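> Model the full assembly from the supplied sequences, consistent with the hints where possible.
Number 284 in this note's numbering belongs to position 284 of the sequence shown; there are no gaps in the numbering.
Treat the hints with caution; some may be incorrect.
Simulated crosslink set (DSS-like; lysine-lysine; CA at most 30 Å straight-line) [what the hints assert, rightly or not]:
hint : residue 1 : residue 2
1    : K322      : K167
2    : K24       : K75
3    : K318      : K75
4    : K56       : K226
5    : K153      : K302
6    : K75       : K226
7    : K229      : K75
8    : K311      : K167
9    : K181      : K322
10   : K311      : K194
11   : K107      : K83
12   : K322      : K47
13   : K3        : K167
14   : K194      : K107
15   : K318      : K181
16   : K316      : K153
17   : K84       : K311
18   : K50       : K24
19   : K153      : K229
20   : K288      : K153
21   : K83       : K3
22   : K83       : K302
23   : K167      : K203
24   : K3        : K194
Derived by calculation from the structure, the hints in this document are not laboratory data. Since we're looking at a predicted model, the values are computed, not measured.
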Amino acid sequence: MIKPIFILGMPRSGTTLLEVMLNKHSQIAVCPEIFTGRMIWRLQSEKQIKNEITSKILLSHYLRLSRYFDDAITKSICNQALKKFTYPINTSNWYGDLIMDYLRQEKGQIFVEKTPENALFISTLSQAFPESRFIVILRNPFDVALSICETIKYQFNKQMSDRLLLKSALFIKRFIDEIYKYQRLNNENSIFIKYENLVTHPKETLQNICHFVGCNYEEQMLEFQKTKKFKFQKEIMEHLHQRLNESLDYNRINRSFTLLSPEQVQLLTCFLQPELSRFPYTLDIKTKNLPINRRIRLHLSKIAYNLQTYKIEEHKNKYRVKLYVFLSNLLVGTRLMHYLPDHLIFEDSRWSEILASVSADEMALNYHKSVKDEG
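Spelled out as structure tokens, the structure:
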């Protein structure tokens, strides 16, 4: 039985910082975001992968996400696509094969997947992988909201607005709610850490994580700078993660209370209740009355959240994937397969081509490294 470890957290809560720190450990291999929980849920594959079509759709999803990163997971995904399994296959066994290939590529012994959004699919992951464990990183939710807004502002040239703040707070509210439900069933399969402690007391925090994972702390875990590599949208991704190349910065802690206005802090406070009261942070926030326009927006946002309107998009995507599965099974072996979306790859020949290109890139990279080393 495989024992994958999943790093969970809100976006911009320090999950990538934790990823690069753990990845410096000689025994740990951290796979970047491939959104396992989301896709297993969409495919309804909590227990088993029903057939090769389902397997190839899942791997196509993985491949599409892995293009952002210069990471061995791309090669492991291709290797998995070219393997021949007897279907249906237990999801845990199928994922275990992918994990073992990745650990061979990375020369690691402990597998970790870092996908913040997996926090919304803890139940799915627990069903698929009963032996799974979770590292949950927490951060001051106001800092998270500010950082999400800054990210959206950079990527899409959006202005800081109440609407943007409340949109960023939506995931925070859901995350706190999901983690609270999970905590009530908490067991030895999880560890909770704070971003603030990771920044101010990195060694002690990493020692606790290593004890949970089952390995000894290594000093090189603090030498994480300039280790995260990107490929697709490289300039944007490097800008968004530029602080990974710098020393740990205490000034990042609680900066939202300086950069957000008192009215914005109050707006977030009202929206995040009652979940905020369950979060393990003591925040000294002075309450004040909001103007009528902000109160209207606040109440509309709360109504939308309570009606779970965010699930409309999620279920729409789930049914879209189910349609892909249905059509793929219906059209398999016919020319009509070519009318399915291009990102769905079913032919072994295409997987072999992708694998060859990945291997060629590795050879070129190793050659350039050797030339540089030789001076």
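> Against the 30 Å threshold, does the CA-CA distance of K311 and K167 hold or violate the hint?
Given pair K311, K167 holds - Cα atoms ~14 Å apart, limit 30 Å.
> Take the C-alpha atoms of K75 and K226, compute the straight-line distance between them, and say whether it is at most 30 Å.
holds, 22 Å
> Given the hinted pair K322 and K47, is their alpha-carbon gap at most 30 Å?
Distance ~16 Å between K322 and K47 Cα, so the pair holds.
> With the threshold set at 30 Å, check whether the alpha-carbon distance from K3 to K194 stays at or below it.
holds, 23 Å
> Is K24 within 30 Å of K75, Cα to Cα?
Distance of about 20 Å is within 30 Å: holds.
> Check the hint pairing K50 with K24 against an upper bound of 30 Å on the C-alpha distance.
Answer violated: K50 to K24 is near 36 Å, above 30 Å.
> Given the hinted pair K311 and K194, is their alpha-carbon gap at most 30 Å?
holds, 28 Å
> Is the Cα-Cα distance between K288 and K153 30 Å or less?
Given that 30 Å is the threshold and the Cα spacing comes to 27 Å, the pair holds.
> Taking 30 Å as the top limit, are the C-alpha atoms of K3 and K167 close enough?
violated, 35 Å
> Keeping to a limit of 30 Å between CA atoms, is the pair of K181 and K322 held or broken?
Holds. K181 to K322 sits at ~28 Å (cutoff 30 Å).
> Taking 30 Å as the top limit, are the C-alpha atoms of K56 and K226 close enough?
violated, 33 Å
> K84 and K311: Cα distance at most 30 Å?
Measuring from Cα to Cα gives roughly 36 Å; hence the hint is violated.
Checked against the numbered hints above, the structure breaks hints 4, 13, 17, 18, 22 and 23 and satisfies the rest.
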